[in-house]
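Chemist: Take a look at the letters that make up each chain.
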Amino acid sequence: MTDNTNTTIEATARALVLHHDDNVAIALCALPAGSQVQPRAAAAQTCITLREPIALCHKFALRDIAAGEVVVKYGESIGRATCAIAAGAHVHIHNLASTRGI
Amino acid sequence: MSDPHFLGYPRANGSAGVRNHLLVLSVAGLTGPAARRVAQALPGARLVTMPYGGGLIGADHALHMRALTGLACNPNVGAVLLIGSDPPKLRTLAQAIEAHGTPVVSVCLDDCEHDSLSLSDRAIRAGAQLHRDLSRQRRVPAALSSLFIGLECGRSDPSSGIVANPLIGKLTDAVVGHGGSAVFGETMEWLGAEHLLARRAATPQVAAAVRQAVLRRERLASSQGVDLLGNNPGPTNIAAGLSTIEEKSLGAVAKSGNAPIAGVLGYAEAPGASGLYAMDAPAYSPESLTGFVAAGAQLLLFSTGVGNSYVSLLAPTIKLSANPVATQRLREQLDYDASAVFRGACTLDDAAHELLLLLLDIASGSLTWGEVLGEGEEVVSRIGEAL
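Protein chains in written order, with our numbering: chain A, 229 to 330; chain B, 2 to 388.
None of these hints come from the bench; they were simulated from the model. No residue lacks a Cβ here, since even glycine has one placed at the ideal position from N, Cα and C. Mixed in with the good hints, there may be bad ones.
As the list claims (entries may be wrong) - Quick list of the computed label-pair ranges, beta carbon to beta carbon:
# : chain 1 : residue 1 : chain 2 : residue 2 : range
1 : A       : Ala325    : B       : Ser310    : 26 to 36 Å
2 : A       : Gln264    : B       : Gly375    : 46 to 56 Å
3 : B       : Ser365    : A       : Asp292    : 34 to 44 Å
What the hints assert, rightly or not - Chain B side only, calculated, beta carbon under 10 Å to chain A, not exhaustive:
#  : residue
4  : Asp158
5  : Leu192
6  : Ala208
7  : Asp228
8  : Asn232
9  : Glu248
10 : Gln329
11 : Ala346
Claimed, not checked - Short, incomplete list of chain A residues facing chain B, as computed with Cβ under 7 Å:
#  : residue
12 : Cys285
13 : Gly307
14 : Arg308
15 : Cys311
16 : His320
17 : His322
18 : Leu324
19 : Gly329
Just chain A, same shape as in the assembly (with noise of 0.2 Å):
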């Protein structure tokens, strides 16, 4: 079951995570390309260097993700990547698709 209710964010945090399944993070700030960030999680997170700008509360890959590999979010699927997916690099429309309707 998901629980995100009881999310908690750290002042200091600029990118959170919200699960332990999870392989994006969502930017609590506008993030410059370049930036080291350590996203909060419940698990322990590596450094992860930002290869493109991530405005606020879009999603980054916390780790390389396969082109066809679901992307997870709340520890749920939030869709397929339609391409390799880089750790680091923006995950949006362009790389990511529901997996629902057509």
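Using the hints provided, position chain B relative to the given structure of chain A.
Modeler: For chain B alone, kept in the frame of chain A given last:
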């Protein structure tokens, strides 16, 4: 808070209004303009007009009548001035409203020799009497168990799913935990999270109903060739960082907290008992909110990411956001600023306590920004073609 309560208007059925509106309800497109004239002559009255009404058939007709009756019987409505052009329809509605215990006066165009000015005169005089009577009523303490809240999100961004919706979820748990009721809708935004909702269903039948409701709308989109991307999530959601319907849904369902789901309601359908309910309904806020209000919700909690000014006309709608940029910009739109949680300056539990106090204050009469600025409307859903 051991015994949270608010000051409300006691109703015949044991419920309590958080407002005491005179509702001017025009149930036919023909009488809309006259009803507007009537409402303008009665400052403070709430006007709801149906742009259609004749030639409705089958499920559409049933939904239309259920929604109109439900709006009139909402606990926030102290009295109803019913205006229309079709005597049998007005009789049916007036009888249902009377049976509920709400004072109602009907004014029919057919009884005014088809003269809208004559109708206006009659309706203004009747409405003035009703309004004066309402002003004599006083608020009394009411328990949280008499509260029914509706849960909505609109113009969401990822901060909604991380902070604002889980915050609403905590309020939902508090209201339901005290014996009150809550409803969430927007069926398309269960898509990708239906397994989580089904797990919380009170019975296997409710779990099946949740899955079936999602499947039906997913198939509807497919059969019409609708690509969900750009529709839901919409362009504003996407710009703000939401990529797929699954991502949006997983954030959206957090509004429903952790209580068991007692049942799946149809649009504008009132629950038979207290508890948490899912309403199978369109996701667009104007239709969605009216579905909740017609089901009896007196108060709405509405999260937004980047901002959304729309509110219900009849139920105070508490707007909140956790987006640190939007909360700076929209000071006369957002009733609660949850950005401190997003910034890590406040815990979700502390914010939930503050928000519950605000909810009780607004339930007791303090105005929301939407009420102050007059952003409210009611929009009843349609299903199909009319004859």
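Chemist: Each hint needs a verdict: does it hold in this structure or not?
Modeler: Against the structure, the hints come out as follows:
Distance hint for Ala325 (chain A) and Ser310 (chain B): a CB-CB separation of about 32 Å, consistent with the stated range 26 to 36 Å. A hinted range of 46 to 56 Å for the beta carbons of Gln264 (chain A) and Gly375 (chain B) is consistent with their spacing of about 49 Å. In this structure, Ser365 (chain B) and Asp292 (chain A) break the distance hint of 34 to 44 Å, their C-beta atoms being roughly 55 Å apart. Taking 10 Å as the C-beta contact cut-off toward chain A, the hint placing Asp158 (chain B) at the interface holds, the least distance being around 5 Å.
The interface hint given for Leu192 (chain B) is met, as the beta carbon of that residue sits about 6 Å from the closest beta carbon of chain A, less than 10 Å. Because the closest C-beta pair between Ala208 (chain B) and chain A is about 14 Å apart, greater than 10 Å, the hint is violated. About 6 Å separates the beta-carbon of Asp228 (chain B) from the nearest beta-carbon of chain A, less than 10 Å, and the hint is met. Restraint check, Asn232 (chain B) versus chain A: the minimum CB separation of about 9 Å is within 10 Å; hint holds.
Hint status for Glu248 (chain B): holds, given a least beta-carbon distance of 4 Å to chain A, under 10 Å. Restraint check, Gln329 (chain B) versus chain A: the minimum CB separation of about 12 Å is more than 10 Å; hint violated. Given hint, Ala346 (chain B) at the interface with chain A, holds; its Cβ is 6 Å from that chain's nearest Cβ, closer than 10 Å. Residue-level restraint check for Cys285 (chain A) holds (minimum Cβ-Cβ distance to chain B is 4 Å; threshold 7 Å).
Nearest Cβ of chain B to the Cβ of Gly307 (chain A): about 4 Å, under the 7 Å cut. The hint holds. A hinted interface residue such as Arg308 (chain A) counts as satisfied when its beta carbon comes closer than 7 Å to some beta carbon of chain B; here the least separation is about 9 Å, so the hint is violated. Proximity of Cys311 (chain A) to chain B is violated relative to the hint, the smallest CB-CB distance being about 14 Å (cut-off 7 Å). Because the closest C-beta pair between His320 (chain A) and chain B is about 5 Å apart, less than 7 Å, the hint holds.
The criterion of a C-beta within 7 Å of any C-beta in chain B is not met by His322 (chain A), whose closest approach is roughly 9 Å, and the hint is violated. Contact between Leu324 (chain A) and chain B, as hinted, is supported at the beta carbon level, the nearest pair being about 5 Å apart and thus within 7 Å. Look at Gly329 (chain A): its Cβ gets to within about 4 Å of chain B, closer than 7 Å, so that hint holds up.
Violated hints, in rising order: 3, 6, 10, 14, 15 and 17; the structure is consistent with all others.
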